[in-house]
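Start from the sequences and build out the full structure, keeping to the hints where you can.
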Amino acid sequence: MTGVGRYLAALDDVATAADEPRLARLVQHLRTPLRVGVRGRTGAGCATVGRALRRRGATVLAAADAVDVEVHVLAETVKPEDAAALHRAGPARVVVLNKADLCGFGGAGPLARAVAHCRALQAQCGVEVLPLAALLAAADVDDDMVGALGVLAHEPADLGSTDRFTAGVHPLSLAVRERLLAELDLFGIAHAVLAVRRGADRAAVNATLHRLSGVAAVLDAIASAGAPVRYRRIVDAAPMLAELSAGPGGARVADRLAGDEVVIARMAAAVEVAAAAGMAVAGEDTRPAAHLDRAVRWQRFAGGPLSAVHRACAADIVRGSLRLWAHAGGVAETVP
1 MTGVGRYLAA
11 LDDVATAADE
21 PRLARLVQHL
31 RTPLRVGVRG
41 RTGAGCATVG
51 RALRRRGATV
61 LAAADAVDVE
71 VHVLAETVKP
81 EDAAALHRAG
91 PARVVVLNKA
101 DLCGFGGAGP
111 LARAVAHCRA
121 LQAQCGVEVL
131 PLAALLAAAD
141 VDDDMVGALG
151 VLAHEPADLG
161 STDRFTAGVH
171 PLSLAVRERL
181 LAELDLFGIA
191 HAVLAVRRGA
201 DRAAVNATLH
211 RLSGVAAVLD
221 AIASAGAPVR
231 YRRIVDAAPM
241 LAELSAGPGG
251 ARVADRLAGD
261 EVVIARMAAA
271 VEVAAAAGMA
281 VAGEDTRPAA
291 HLDRAVRWQR
301 FAGGPLSAVH
311 RACAADIVRG
321 SLRLWAHAGG
331 VAETVP
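Numbering of the sequence shown is given in the numbering used here, commencing with residue 1 and proceeding in unit increments.
It is worth saying that the hints were derived from the structure and are not from the lab.
Where a beta carbon is used, it is the ideal one built from N, C-alpha and C, also for glycine.
There's no promise every hint is true.
If you anchor each label on the Cβ, the simulated ranges turn out as follows [unchecked claim]: (1) Arg311 with Gly150: 39 to 47 Å; (2) Gly126 with Arg211: 47 to 55 Å; (3) Thr59 with Ala258: 28 to 36 Å; (4) Asp144 with Arg252: 52 to 60 Å.
In structure tokens:
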């Protein structure tokens, strides 16, 4: 669960315990999905990338709509129009190299080649590039396709090229082979056949293709890039939380909002924003001194020239660190 997700779950618990429907409605608003746009050059496979992300639950809007996170799709290389788009002001971006399954079958295979190619593209454009086989990520193998893959498992066809796969006589009709190519391409067919040979059913074949596609890392990158947007919603909700906490009727909400779980969960959300900005926050050290040191560092950091969002992050990290310090056995000392 993300830090924002943990914080919203904590607010949900507060709304239930305090029997406060207005807080429950606020949590639903804060859970509004990130708006994702997919852009890139013609032929890069933007439509397939968009379909793949939608299949995995992302809210993908039309190219002209305002979005929270933009996924920029590269194909083979960084063209001048790609470079211009990547350095243009706009929403947070995630950059992917699509068609990772077509990066060549020699050596360690296309996916390993795609990872190496992404490193080269990253050096060229100055931003992280993630490999993605969008066709596999969008795959929805049905029972008919599983049956066809089962035939291929027992009667192998030539997967050396698309022409060789569709040429010649085979128990599978040409139409079925063409459908497999259109939906999986050669790399996907090969791995789907291997999965069927191991006894995989429809769900397992789809899971295998999705795992190979690299879409999980892309979704993680979208969530990371969108962390500041979701955290900004939390900051903007402060007046409503203050209103719900006011007066005798708000005491149940106020007490629970000040509880450890809410404070530490909000720190986790702030840490995600800091990490997205390239700032190191939390380490593995759980000793009281480590938590106190973090609180002191971020208190100093908050006094610098920061945006309103990063200043709020700093305050939440300080507050959460002090709670963790107390939990770890930290004891306040009186300064003479």
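Against the structure, the hints come out as follows:
1. Arg311 with Gly150: 39 to 47 Å: violated (60 Å)
2. Gly126 with Arg211: 47 to 55 Å: violated (29 Å)
3. Thr59 with Ala258: 28 to 36 Å: holds (33 Å)
4. Asp144 with Arg252: 52 to 60 Å: holds (57 Å)
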